[in-house]
Amino acid sequence: AIYDLGGRGAKSLQRPSKDFPEEGHIVVEIFVDQNGNVIRANIAKGTDITNTEMRNMALEAARRSKFVPDPTAPEEQKGTITYTFVQNQ
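Quick note: the sequence shown, position 75, residue 76 per our numbering, numbers continuous.
Worth flagging that the hints you see were computed from the coordinates, not collected in a lab.
Hints are all accurate, no fakes.
List time: in silico SDA-like cross-link candidates among lysine to any residue, alpha-carbon distance up to 25 Å: (1) K67 / T48; (2) K19 / V87; (3) K67 / F86; (4) K79 / S13; (5) K46 / H26; (6) K46 / Q88; (7) K79 / G7; (8) K19 / L60; (9) K19 / T85.
Modelling step: build the complete structure from the supplied sequences, incorporating the hints.
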């Protein structure tokens, strides 16, 4: 998973399950509070996986992710997490 939150560090990026039927990318738009908690997550532009279950797994993983607290950050700092799904050979 690759994330972008304006230079703010990640404490733990959660990963979706390893069982999945499609390959591709799911981009999740995240909103993080000053304590580093993901308070909202949505599927974003750039996602090329249509499988609803995989999208829901990515949203759930994004919601469980934690970022470094920053008292000077906006109340809701917007960023993204991009999950890449590749079938094991």
